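**Student:** The chain contents come next:
There are 2 protein chains.
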Amino acid sequence: MAQKRASTAVGPEESCLQIGEVAERTGVTQRTLRFYEEKGLLKLPIRLEGGFRLYSEVDIQRVEQIKRLQKLLGFTLAEIKEMVDAEEVKLQLQAEYRPDAAISQKKTQLLRAIEVTERQHGLIRQKVDALREMQSKLEERLDTFHGWQVHLEEAQAKADGKAKTKAKA
Amino acid sequence: MAQKRASTAVGPEESCLQIGEVAERTGVTQRTLRFYEEKGLLKLPIRLEGGFRLYSEVDIQRVEQIKRLQKLLGFTLAEIKEMVDAEEVKLQLQAEYRPDAAISQKKTQLLRAIEVTERQHGLIRQKVDALREMQSKLEERLDTFHGWQVHLEEAQAKADGKAKTKAKA
DNA sequence: TCTAACCTTGACGTTGAGGTAAAACATCGC
DNA sequence: GCGATGTTTTACCTCAACGTCAAGGTTAGA
Numbered sequence: 012m013a014q015k016r017a018s019t020a021v022g023p024e025e026s027c028l029q030i031g032e033v034a035e036r037t038g039v040t041q042r043t044l045r046f047y048e049e050k051g052l053l054k055l056p057i058r059l060e061g062g063f064r065l066y067s068e069v070d071i072q073r074v075e076q077i078k079r080l081q082k083l084l085g086f087t088l089a090e091i092k093e094m095v096d097a098e099e100v101k102l103q104l105q106a107e108y109r110p111d112a113a114i115s116q117k118k119t120q121l122l123r124a125i126e127v128t129e130r131q132h133g134l135i136r137q138k139v140d141a142l143r144e145m146q147s148k149l150e151e152r153l154d155t156f157h158g159w160q161v162h163l164e165e166a167q168a169k170a171d172g173k174a175k176t177k178a179k180a
Numbered sequence: 012m013a014q015k016r017a018s019t020a021v022g023p024e025e026s027c028l029q030i031g032e033v034a035e036r037t038g039v040t041q042r043t044l045r046f047y048e049e050k051g052l053l054k055l056p057i058r059l060e061g062g063f064r065l066y067s068e069v070d071i072q073r074v075e076q077i078k079r080l081q082k083l084l085g086f087t088l089a090e091i092k093e094m095v096d097a098e099e100v101k102l103q104l105q106a107e108y109r110p111d112a113a114i115s116q117k118k119t120q121l122l123r124a125i126e127v128t129e130r131q132h133g134l135i136r137q138k139v140d141a142l143r144e145m146q147s148k149l150e151e152r153l154d155t156f157h158g159w160q161v162h163l164e165e166a167q168a169k170a171d172g173k174a175k176t177k178a179k180a
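Chain order of the listed sequences is R and V. Per my numbering: the first sequence ends with 180, consecutive numbering throughout. Per my numbering: the second sequence ends with 180, consecutive numbering throughout.
Source of the hints: derived by calculation from the structure; they are not laboratory data. Each hint can be trusted.
The list makes no distinction among identical chains, and a pair is therefore deemed to hold if it is satisfied within one copy or across any two copies.
Under the rule of at most 25 Å between Cα atoms (straight-line distance), these lysine-lysine pairs were calculated in the DSS-like manner:
1. Lys-148 <-> Lys-82
2. Lys-92 <-> Lys-82
3. Lys-82 <-> Lys-50
4. Lys-117 <-> Lys-92
5. Lys-78 <-> Lys-92
6. Lys-101 <-> Lys-118
7. Lys-54 <-> Lys-148
8. Lys-117 <-> Lys-101
9. Lys-101 <-> Lys-148
10. Lys-117 <-> Lys-169
11. Lys-148 <-> Lys-117
12. Lys-92 <-> Lys-148
13. Lys-101 <-> Lys-50
14. Lys-82 <-> Lys-54
15. Lys-54 <-> Lys-78
16. Lys-118 <-> Lys-169
Since the model is a prediction, treat every value here as computed from it, not as a measurement.
Work out the full structure, taking the sequences as your base and the hints as a guide.
**Tutor:** See below:
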């Protein structure tokens with residue numbers, strides 16, 4: 012362990028994790044974190060004077076989100092980027108909600124965000140539908156299998172019975 | 012169009028589509044079909060004397076299944092292979108159900124098939140759950156957005172009203 | 001028989017999503 | 001100041017899932 016928490020260098024409330032710890036806690040490699048950054052999936056992290064990246068808990072959550080979207084749901088990193096971008100827009104709108112200059116510009120941004128969100132929603136519904144269909148098919152198949160299993164048990168019992176009778180005789 | 016349906020060359024009931032037509036109907040390329048074959052996702056098709064591949068409707072269905080699993084649900088071809096292999100086992104068991112020699116062997120196979128199917132089922136449930144969570148989050152977000160939208164409209168109306176009053180004065 | 005359209009195998013290229021290795025800098029505890 | 005770790009950038013490697021020629025064989029139809 013070479014470094015402790017550099018907890019006073021940047022801001023008062025940031026959690027300030029270095030890349031190694033983020034990697035460990037999220038289960039991805041450091042390379043992957045840099046790669047995501049390069050691809051715009053993670054925003055450029057603040058740096059220590061020496062150039063070391065400093066992450067926050069929010070970043071960790073985002074990484075976990077990315078992994079879920081990718082591994083569980085099969086989205087590509089490009090699609091995921093679109094999603095996190097939309098999220099970014101939301102946060103931005105949320106933060107800048109007070110200083111209400113340029114209302115019509117905000118309206119445009121908002122419309123864009125809504126559009127993206129609705130597309131995502133539709134995409135997900137498609138996936139859910141497909142999954143449900145698969146699921147019911149699998150259940151059907153399992154039923155069939157169990158039926159066969161019973162059938163096989165019976166057949167075997169009969170065969171055994173015959174064998175025993177023969178052995179007795 | 013250089014060839015017609017070679018409908019009498021192999022069997023009486025097979026549909027006999029050539030690779031080009033299968034590609035067109037499924038929306039994948041010929042290269043992809045050969046690739047799937049190479050990877051064991053499609054069984055080796057029967058061939059015309061000249062070596063041309065001949066597919067059936069069942070093959071088309073399988074290709075469509077593969078594409079769904081892959082694009083919609085994010086399974087890798089390796090995972091998909093496992094699934095279609097399981098399906099193959101099922102068909103095999105189904106076909107060989109009559110000649111009931113070696114019952115215990117069949118039981119083993121059946122157990123294996125059940126195991127795979129149940130794993131798939133669980134996997135899919137996980138995915139559905141994750142997707143549902145995402146979906147409700149998105150709906151929540153859309154609600155927020157629409158609220159903001161209304162808010163912005165009001166703000167703009169107010170601003171416009173002021174402007175008009177000023178212009179009148 | 002000849003040709004246009006279709007198919008074959010083979011080999012190399014590409015893109016996405018990282019892995020791995022190297023050389024040099026940073027930080028901490030001593 | 002030094003050594004042990006931890007990080008940084010650069011650069012090349014890999015693996016999956018195809019794309020893209022290239023060179024040649026096949027088939028139906030005029």
